[in-house]
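The primary structure of each chain is shown beneath.
There are 2 protein chains.
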Amino acid sequence: MGKRWSCKATGENLLAQAKEKVTALNERGVEPHLAVVLVGEDPASKVYVSNKIRTCESLGIKSTFHKLEADTDTDSLLSVVDELNGDNAVHGILVQLPLPKQVDESRIIAAINPDKDVDGFHPVNVGRLSLGEPGLFPCTPMGVIALLRDSGHGLSGKHAVVIGRSNIVGKPMAQLLLKENCTVSIIHSRTQNPADLCRQADIVVAAVGRPGLVDAAWLKPGALVVDVGINEITDSEQARKLIPSESKKMKSFREKGRVLYGDVNYFSCLETAELVTPVPGGIGRLTIAHLMVNCVVAAELQNPST
Amino acid sequence: MGKRWSCKATGENLLAQAKEKVTALNERGVEPHLAVVLVGEDPASKVYVSNKIRTCESLGIKSTFHKLEADTDTDSLLSVVDELNGDNAVHGILVQLPLPKQVDESRIIAAINPDKDVDGFHPVNVGRLSLGEPGLFPCTPMGVIALLRDSGHGLSGKHAVVIGRSNIVGKPMAQLLLKENCTVSIIHSRTQNPADLCRQADIVVAAVGRPGLVDAAWLKPGALVVDVGINEITDSEQARKLIPSESKKMKSFREKGRVLYGDVNYFSCLETAELVTPVPGGIGRLTIAHLMVNCVVAAELQNPST
Chain A
881 MGKRWSCKAT GENLLAQAKE KVTALNERGV EPHLAVVLVG EDPASKVYVS NKIRTCESLG
941 IKSTFHKLEA DTDTDSLLSV VDELNGDNAV HGILVQLPLP KQVDESRIIA AINPDKDVDG
1001 FHPVNVGRLS LGEPGLFPCT PMGVIALLRD SGHGLSGKHA VVIGRSNIVG KPMAQLLLKE
1061 NCTVSIIHSR TQNPADLCRQ ADIVVAAVGR PGLVDAAWLK PGALVVDVGI NEITDSEQAR
1121 KLIPSESKKM KSFREKGRVL YGDVNYFSCL ETAELVTPVP GGIGRLTIAH LMVNCVVAAE
1181 LQNPST
Chain B
881 MGKRWSCKAT GENLLAQAKE KVTALNERGV EPHLAVVLVG EDPASKVYVS NKIRTCESLG
941 IKSTFHKLEA DTDTDSLLSV VDELNGDNAV HGILVQLPLP KQVDESRIIA AINPDKDVDG
1001 FHPVNVGRLS LGEPGLFPCT PMGVIALLRD SGHGLSGKHA VVIGRSNIVG KPMAQLLLKE
1061 NCTVSIIHSR TQNPADLCRQ ADIVVAAVGR PGLVDAAWLK PGALVVDVGI NEITDSEQAR
1121 KLIPSESKKM KSFREKGRVL YGDVNYFSCL ETAELVTPVP GGIGRLTIAH LMVNCVVAAE
1181 LQNPST
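Chains as they are written, first to last, in my numbering: chain A, 881 to 1186; chain B, 881 to 1186.
Hints in this document: simulated from the structure, not taken from any laboratory. There's no promise every hint is true.
A pair counts as met if it fits within one copy or between any two copies, since identical chains are not told apart.
Capping the alpha-carbon separation at 25 Å, the derived lysine to any residue pairs in SDA-like fashion look like this [unchecked claim]:
(1) 1131 - 1155
(2) 1100 - 1115
(3) 888 - 934
(4) 1121 - 882
(5) 883 - 1090
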């Protein structure tokens, strides 16, 4: 019987690392500064952005918030990015995704100065990650690596299976695990018999956006399971299949008619895995904590200590 | 019993594609032009460079050869690269690797204009490959993809195992196979029981630099085996283990005291695989053929047809 894998200690470690670097930068007269750009009124994006800004404040990282109208076009957004690139007092630029349809997202990302690209989405940073060069790398997969390292299980030589191949999680996750000397397999929607390959994994990272996809039948006994998916379940049949009727989660579903659920069938996987991260309350906090690390690393990159 | 996998037809297809594009460019008044830079006197590099230049000539791609002294430093080489970047008549820049020890290779690669980077080694092109954006991508893995496509076996949903994780072959190979909707596993020196994972592969690409590492025990019956390794065997004990005593290859070894051998135990693998590429006379020709494609693609990138 496995255990709930708390991400709290790793999150606190990352924030403490960031805080320490803030202090060192302040002593050199540098005030790390994140510029956050939000286009439009997406409610989820607003919540994310305000969490990021609040976490900056708690660590003494200055933040400025640039709120643009929902009908902003690519050129207007490019000129905001250009201005922030040119402002030496701004060390990190975060353009909250997704952007409205009329905006060319990849042009915006490619316009950010790679050394200010705290999301790690710029092609140069993606390339640096693959090449093993220093750079700024995506926050969620970096947070997962911190969690795995803190677990004390060791990564070198372990077989890690990444489920999903997004640019934001799956692909950088695979690169980072490879850098840690894991054997890495990537499975996705076109994979035949994904459970067969997954069952060989010492480490499973699920980031595919399908609620409860990974269950005990996908796991080797003792596997470490990281759930990066965040899905909303509103269908009661689906809820009934994935959530034990006596659980707090089911109680919450009955009350609200919806519940957040990961890509991992948490209750089933606990029977076979050693550790399973919960959703919500799992990896999310590591993403934001690593964003803080990236902000101070960006400030360091732009202010090398002699 | 498997067959020798000839790369000849795919090589000719790639050269024909390049030739067609040269003709189209010429009709628009553009003469594709590759600048080749060689530092020092490495005999293998000299052979590679002269093959590349000869192949350019055969297709009507202009080439210029920039030969620098073995003691050239990073700054001098950077200024050569800068000059070629600034020359609008030059569409492709190839700095032959490896560079002498005193030169900072990654600084040189990062200095090349990504749109002239016909080797596909620049961080921006590495990032574009991972992100699924258009760009110039490494020639050997691109050649392997062309071979696999030409085989008519289909790639989507197949399990591909890449052995080796170099920046030049292993990592871009994995990215390209993923783009083709393969399930991809990457194994390397730290992998425990590599044969167990490899035996599940429909497609095996070996690029690890260990002569004859992959033998029949690593393969599922009917696997497609691509051998990217080129190793020189000089030890007669090793030759005796890897090469049948009656073969032409052994005859050649007895005469010269050395023989080229891939990462795949060719004679053993033929018993189990469906197709195995030979070494030499296999993938090498695809690398150079795809370099020609990259040269004309670079010329097109810099001369968009309105």
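Those earlier numbered hints the structure runs against, lowest number first: Of the numbered hints, just 2 does not hold.
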